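Visitor: Here is what each chain is made of, one letter per residue.
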Amino acid sequence: MGETVIRAVDGVTLEVRAGEFVALLGSSGSGKSSVLNLIAGLDRPTSGSVIVHDRNLAQLSRAELAGYRLHTVGMVFQSFNLIASMTLAENVELPMRFAEIDRGKRGSLMREALARVGLQARMNHRPSELSGGEQQRAALARALINRPQLLLADEPTGNLDSRTGTEIMNMVREFNQQLGMTVVMVTHERALAERYAQRLIFLADGMLVGDEANSAVVESTEVEAKRS
Amino acid sequence: MKLPDLAELALRNLRESLLRNSLTTIGISVGVASLVAMLSLGIGLQQLASRRLMKSGLFDTVVVTSRRDLRNFNREDERNGPAPGESRVLDEPTRQEIEHLPNVLEAYPDIRFITELRYDDKPHLTMVAALPASAKSSDAFDGVQGHFFSSENAPEVIVQKVFAEELLGKTPKAGLDETNVAELAAPLLGKELIMRYAQREPAQAVPATADSDLPVPADQSLAGAAYSVASREMKLKIVGVADLDPESMRGPTRARVFLPLRLAESLHVMQPTDLREISRAARDQPVYSSISVRVKNAAQIRAIEDAIKKMGFNAFSILDATRSLQQFFAVLDLFLGIFGSLALAVASIGIVNTLVMAILERRREIGIMKAIGASDSDIKRLFFTEAGAMGILGGIVGVALGWAIGQVINLGTNIYLKRQSLPPEHFWTVPWWLVGAAILFAFIVSLLSGLYPAGRAARLDPVQALRYE
Chain A
1 MGETVIRAVD GVTLEVRAGE FVALLGSSGS GKSSVLNLIA GLDRPTSGSV IVHDRNLAQL
61 SRAELAGYRL HTVGMVFQSF NLIASMTLAE NVELPMRFAE IDRGKRGSLM REALARVGLQ
121 ARMNHRPSEL SGGEQQRAAL ARALINRPQL LLADEPTGNL DSRTGTEIMN MVREFNQQLG
181 MTVVMVTHER ALAERYAQRL IFLADGMLVG DEANSAVVES TEVEAKRS
Chain B
1 MKLPDLAELA LRNLRESLLR NSLTTIGISV GVASLVAMLS LGIGLQQLAS RRLMKSGLFD
61 TVVVTSRRDL RNFNREDERN GPAPGESRVL DEPTRQEIEH LPNVLEAYPD IRFITELRYD
121 DKPHLTMVAA LPASAKSSDA FDGVQGHFFS SENAPEVIVQ KVFAEELLGK TPKAGLDETN
181 VAELAAPLLG KELIMRYAQR EPAQAVPATA DSDLPVPADQ SLAGAAYSVA SREMKLKIVG
241 VADLDPESMR GPTRARVFLP LRLAESLHVM QPTDLREISR AARDQPVYSS ISVRVKNAAQ
301 IRAIEDAIKK MGFNAFSILD ATRSLQQFFA VLDLFLGIFG SLALAVASIG IVNTLVMAIL
361 ERRREIGIMK AIGASDSDIK RLFFTEAGAM GILGGIVGVA LGWAIGQVIN LGTNIYLKRQ
421 SLPPEHFWTV PWWLVGAAIL FAFIVSLLSG LYPAGRAARL DPVQALRYE
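Quick note, the sequences are listed as chains A and B, same order.
Under this note's numbering, the first residue of the first sequence carries the number 1, and numbering increases by one thereafter.
Under this note's numbering, the first residue of the second sequence carries the number 1, and numbering increases by one thereafter.
Bound conformation, chain B alone (with noise of 0.2 Å):
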């Protein structure tokens, strides 16, 4: 029998008994329902995370380490290119050499220390770091309360409002992550604070090691690579308060307080790499802990990085922190998926109940078709249209079901939001690709159920079938 033939039957017979296929459809519409519900929350949420991680500002960005720094970001990258103490610096020719490379829209020296900031005569230690002139169109500084640097070189500074609070005296409170950043910028934008910091100045300035009982070094190549460290104070001001943390990325080195580059570098603030560096090359020229490379957008990053791998550096991306957050997601998504089947697995089972009562209910007209000449394959394929039938319709219906679920939880969580003014969030999507593996799912399901009902019906012996009355 042919494919229109046979669907055109399926169709009248399941029209024949409509309210118990319409029940046992049903069973599939709501097994599908939950199975996309499942599914979609965890994409949801998964695209949820990855859409804080775009507005941390850091997915266009590389952070390229020196070989020679064994606190790299990636262990792996230590077993291929060359031994860490045979690799380049990170100087200032190489960051040219990295801000011409294609695609590349800037490099900069990534500067970034733990000193004393004073506000109020109390001392606060934390981290600071130098941000260029571009970090200003960054999402992250996108719900800044005041404004950005004046310029490269003002004396200013923008605060975490992590570290804000801490300004303040307020402690933070568990579980609430949302403070508002306005009531924590009030009393702060204006104010001074004092910094305190160690300054490397060329040796000439400082009496030599006098005191010292090494002598000086007879390898000349070491000549230039004296120098003295001088502690340092510099008033700033607080121009800004950030609300996201863009540094989200870096873990415990983050910094809470930001100064604009060209400031920073002009401050020759001691770098842990002053002191590693030292004992292998003299430069009066400062060597980098590590540079940011900013691209022109987040699909060339992978190229980028290699390319510096390449040149014998450590190059890490917020792509390799996702692989871990994307590998959690596909195990959450596999959970989800298994719960969401359950009622699936249910469903299949109403879907053999429903296909042996029609079996046993239409048992004369079985044999009547074989009878006037249906074969074996034609009973089977038309029980499995009707079982393929019920699984597309249960999966359509329930994929709309499971979108109007997904739907009401959304305004329900926003309407909870927006009473705890928070932003709304979009925790459920539903993509196309899901739309079209359910209803596939709920076919491929439907049809696994109706093979034994089919097998069954198929090998019905029709000298038996039509005495059965």
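Isolated chain A (complex conformation) (with noise of 0.2 Å):
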């Protein structure tokens, strides 16, 4: 008897370039989550490589894959993750504690993070006293702190009701068009991908089934810059 090898990306090969926009579609157990936790550094491929900005992740120590998820990557999940025992404030300001940022400097990035996701006055709530589209502003907060490059979002929306849901993805492209981040956004919903995504990827049984551009989104995004 020996252990059944699932395979939960099989021969993906994918190039998101900076600054862009990128939605993984797929039904449940497609391989999309699998495919952003090799992004986010959290897993490691048995075969072949993740490369970001030259690095390959493959190759990585533990201690430089901790360093490149505090410094160049943040996420957001469906369940938020927020750390239950602490309030937002502190939340926010967990990744800055692990980066070693001065605790006189800490005190305002953590206000500015929560101002641009409009809970400056729940700083001191716990996530329990939060609704859940308030506990995804702040998980986006604590994702900014630390001004990372790039923003890994698995299902964000999908413990939200749809008013709220179109509030955070708002804010997820605020951010990447205005501070330049590149979104890898894992979602079942086309919908929601095709409103937001300027890619989208499709994935189904671990392997690469689709890779279109979002002509609509492309096309607004460019008249965005243009304007401004």
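Source of the hints: derived by calculation from the structure; they are not laboratory data.
Note that this is a predicted model, so its numbers are computed, not measured.
Quick reminder that beta carbons are idealized off the backbone N, C-alpha and C, glycines included.
Fair warning: there could be bad hints in the mix.
What the hints assert, rightly or not - Residues on chain A that point at chain B, a partial pick, calculated with CB under 7 Å:
# : residue
1 : N37
2 : S85
3 : F98
4 : E100
Stated by the list, open to error - From chain B, some residues computed to sit far from chain A (all C-beta separations above 12 Å):
#  : residue
5  : T61
6  : D121
7  : E166
8  : P187
9  : E265
10 : V408
11 : G436
Two chains, two frames, a set of hints: combine them into the complex.
Guide: Printed below as a string of structure tokens:
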């Protein structure tokens, strides 16, 4: 009796340009979250490579991967993943503690990030005292705090109603357009992806089955860029 | 992550599971308290024993014997210095030489002899020793009933309470050392003792070896060595009864009756050395069996002992005797420490349990921390800090608890002693070094207990941890 090997992601070759907003689409078990975890440096491929900013994540040590997650990547999750025992302020401040940012600077950076997502007034509340939308906004503030170049979102609106979901997605788009952050979002909602992502990548059974540009969003982004 | 951040996060985590962490910390406290209680009892007993020795008044005294005296205190000394047969004798010029050493207060001959004392027409055989006037200020005579000798030549004696009991025909009760001295002294003070002793007299006073078969030696160097021994009697007045044993270090040669030094010198009592030295040199002057040297303070004992040894004599002080005592207490402390540590070992298992539980509970939190950039070492150090914080807190509370237990036992023991009409004693001592060492020990034990949980938390796979609900 041997172990059964399941290939979550198999032979996927994918290139994402800096500043791009990409949606990974697929049904449950298609491997989209696994691809996201590989890009986030939370998981390692058994073979192949994941190259971000000329560095192959597959070859980095555990400590180097932690540094990569701390400085290069910001993550938001479907279930928000805020630490329940901490206030919003403490949650947002946490990555700065790991990055050993001066205590004096941390307060103002934390307030600035919470103000950007409209939660400055709720900074001393614990996650359980907030709505789902507010929790996801706090998670966005935490993802932004160390100014990463890459925002990875795993079903960010999965636990939200459509109005709150739209609010969150507008913020993600804003970060993509105003801060120039590359966004890779995992979702199973095609409509949501078509509304925000410049490129749609389809996965099924761990394999890449489609990669198409979302011309409507690309054009509106170009118009937006020209205006600004 | 920097230390202040680690400490802050660790403390907030400990506050989150307040009851469980408090119980674990109490476990450590009990462990530390038992360790502190055991060790402070050992230290307290050691200090009590040292205080007793100090009170004996001999802590500032070096006893000098000739290397010719093969019954010396320390046989090891025979290996260093001149051979016994070739070494110097202890006589008056030597005594003066020793007295002129720096930091020496006085050096007086040790006159002691076994003799018969009659009281109420009953003979009592005991060791008699001479005391200098300076002995009056010795702590050993603090509890003396009556008074010290009125002068250095007065025909007076001070008796030790054991001998006082013998004179009164009382047998000391087994196991109860603290007999009431005042009761013993009342019928004895002012009474007379008759001492019989052997006096050494110049040869001229006695008909020379008339009945001896041996011819007078032709060696002129022995000419003056001839002397005779005469039996004498002297009436002595009991002026004091001493509570403590001022000669406890002397073991079997300790005296029970004390005479003033000048009086004892004037009696020319036959000493064992007189017989030994007659075969070597002719002397009118007596040769002392030993000389007691009093130094200005106990710290200089070692230097003076060395200086006397360099002169070619044997030197012995109570410090030598306490060395084996210290060794005994070191072993006692070690065993008490091991027993005390057992409770701390049990407490350390509690720490492991608490932290392993914390990992299970905080699995998701650890996953989140890793996802947002915490390294393995951040997580490891966080758990270490939590373990260390419990250790320090438990250590501090434990030391306080151990001290409190000591105080209660001290109080209880002293109430018991008071009821037995015994003086209070301080059995329990918690020195500052023990406070520091106990807290440090608790901290180290806690860190060691944190090794496994911290390593396990650090190795947690973030993807698995984030899936955990």
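Visitor: Look at each hint and say if it fits the structure.
Guide: Hint check:
no., hint, result
1, N37, "6 Å, holds"
2, S85, "5 Å, holds"
3, F98, "5 Å, holds"
4, E100, "6 Å, holds"
5, T61, "64 Å, holds"
6, D121, "93 Å, holds"
7, E166, "79 Å, holds"
8, P187, "82 Å, holds"
9, E265, "82 Å, holds"
10, V408, "40 Å, holds"
11, G436, "30 Å, holds"
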